[in-house]
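Using the sequences provided together with the hints, build the complete structure.
There are 2 protein chains.
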Amino acid sequence: MIQDWLNGQPLGAGLQRDRGLAYGDGLFETIAVRRGQPRLLERHVQRLAAGCQRLRIPCDVTQVAGEIRAYAALLGEGVAKLLITRGDGLRGYAPPADPEVRRLLLGSPSPAYPEEHRLEGIALYPCTTRLASQPLLAGLKHLNRLEQVLARAEWSGTEHAEGLMLDQGGRPVEGVFSNMFLVHDGELLTPALDHCGVAGVMRGLILELAARDGLTVRVSPLVLDDLLQADEVFLCNSQYGIWPVRRYAAANWSVGPVTRKLQGSINEILE
Amino acid sequence: MIQDWLNGQPLGAGLQRDRGLAYGDGLFETIAVRRGQPRLLERHVQRLAAGCQRLRIPCDVTQVAGEIRAYAALLGEGVAKLLITRGDGLRGYAPPADPEVRRLLLGSPSPAYPEEHRLEGIALYPCTTRLASQPLLAGLKHLNRLEQVLARAEWSGTEHAEGLMLDQGGRPVEGVFSNMFLVHDGELLTPALDHCGVAGVMRGLILELAARDGLTVRVSPLVLDDLLQADEVFLCNSQYGIWPVRRYAAANWSVGPVTRKLQGSINEILE
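Residue numbers (my numbering), protein chains in the order written: chain A, 1 to 271; chain B, 1 to 271.
I should point out that these hints are in silico values taken from the structure, not numbers from a laboratory. Honestly, I wouldn't trust all of these hints.
[Unchecked claim] Just so you have them, the derived chain A footprint on chain B, three or more residues with Cβ under 8 Å:
(1) 10 to 24
(2) 74 to 83
(3) 92 to 106
(4) 144 to 158
Please read these numbers as outputs of a predicted model, since none were measured by experiment. Beta carbons: idealized from backbone N, C-alpha and C, even for Gly.
See the structure below:
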């Protein structure tokens with residue numbers, strides 16, 4: 001067989017036949033690294049293990065955790081992005097019976113989000129790109145992310161720090177790179193992620209902390225009116241923690257007490 | 001910044017930061033090559049151009065067509081798989097304003113399908129993996145193909161040569177790697193692909209040939225009963241041409257005259 005080509009030139013061995021590239025057949029984790037330590041590593045590895053099980057990608061997550069620790073020690077400060085793929089494939093969608101799973105670790109500097117996002121909150125862009133309903137993939141941080149690419153391309157500039165994505169029925173689900181929480185009469189609400197969305201590591205931590213702090217917590221499908229009539233709205237992810245939402249479309253909020261309390265609890269754990 | 005790692009070892013420059021791998025942010029074409037010529041090249045390039053426009057990937061398709069021709073001449077016989085990606089990305093979904101688009105060409109031998117598939121027809125596996133509804137991506141041959149991976153993993157062995165995928169409403173849409181046609185009272189039907197599915201190059205050719213041959217052609221949403229009560233059923237793709245469907249679940253068909261006629265017309269064009 002002749003050599004593969006990249007941009008018209010012969011290409012040696014590499015990732016060009018990886019099923020992660022061909023089909024998005026894999027998973028990823030984006031792990032904050034501080035003082036050489038991977039933050040929330042256990043949660044990232046647990047989610048990865050659940051995803052590998054669902055996609056039937058055989059992966060030794062203990063080995064992966066060890067690699068992340070070693071990589072983080074070298075990186076020092078920043079973000080370690082982990083990709084797990086089903087490895088090389090010939091043509092055809094059928095997963096190989098005995099795949100040579102690939103583990104990639106890619107380092108980058110910490111994202112430079114303005115401190116105001118965390119302190120004063122952000123404006124949320126109303127994305128028109130809607131999330132498709134696919135229960136078999138819902139919750140996973142898999143490599144099929146074209147919906148997020150389309151949604152993130154809908155706005156530019158610094159007025160909006162994030163965008164809200166609705167499902168095909170018009171129900172709010174999550175930010176493009178965040179999960180969403182609402183506070184309603186002292187109750188903490190977040191959308192169920194059984195038909196679309198990514199079950200974030202920070203979302204999981206917040207749900208646990210809120211229950212520990214005595215808050216009533218409800219995970220269920222939400223409608224847009226739940227958002228518009230919420231007392232407090234905030235977003236979260238494993239990099240920035242919690243951002244209060246100050247504005248969405250014509251609705252405005254100030255930063256509320258539940259959001260502030262959870263920010264405090266998160267900071268205690270992370271710092 | 002420290003080096004990337006692959007399987008625990010430092011990795012030099014390569015495709016590991018390509019947005020095709022990170023997000024499936026790209027498109028592909030699978031082109032049959034015979035006697036050094038790429039088959040149906042114009043149609044492949046047209047579909048690629050439409051996909052690039054929809055995803056706003058700046059790509060010189062004339063240059064791509066030239067590369068495919070040159071690659072096919074070297075390959076001689078087989079399959080040339082083309083991947084177009086939005087190139088490298090830093091962290092974050094936002095598409096770079098001025099991406100360095102990547103063009104990959106990967107050669108493989110022609111798939112060795114039994115001649116019986118074309119002559120006597122195939123049995124179609126009833127996949128339970130359903131296609132999500134995403135109008136923004138429907139019709140495109142993009143790199144987000146986890147649904148096809150899950151569907152193709154549902155069966156193994158040689159009894160079923162293909163699997164049928166339904167949409168979330170239970171309507172038949174396409175095979176895992178094929179489009180589907182039905183014949184009903186002399187009329188040729190194929191599912192509309194405005195909410196899911198891939199608009200295949202062979203599907204496009206068949207629609208044109210059928211109209212030229214005086215057949216009534218209808219592209220519209222179909223229900224499962226349309227399939228079960230069809231006089232003829234066949235699948236198509238750009239590699240194998242047309243496969244009659246002999247069996248799906250409890251329904252059975254023999255190879256009908258419209259299928260045979262279209263196979264003949266296709267063969268004239270391809271051979």
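Which of the numbered hints above does this structure break? Hints that this structure does not satisfy do not exist here, as all of them hold.
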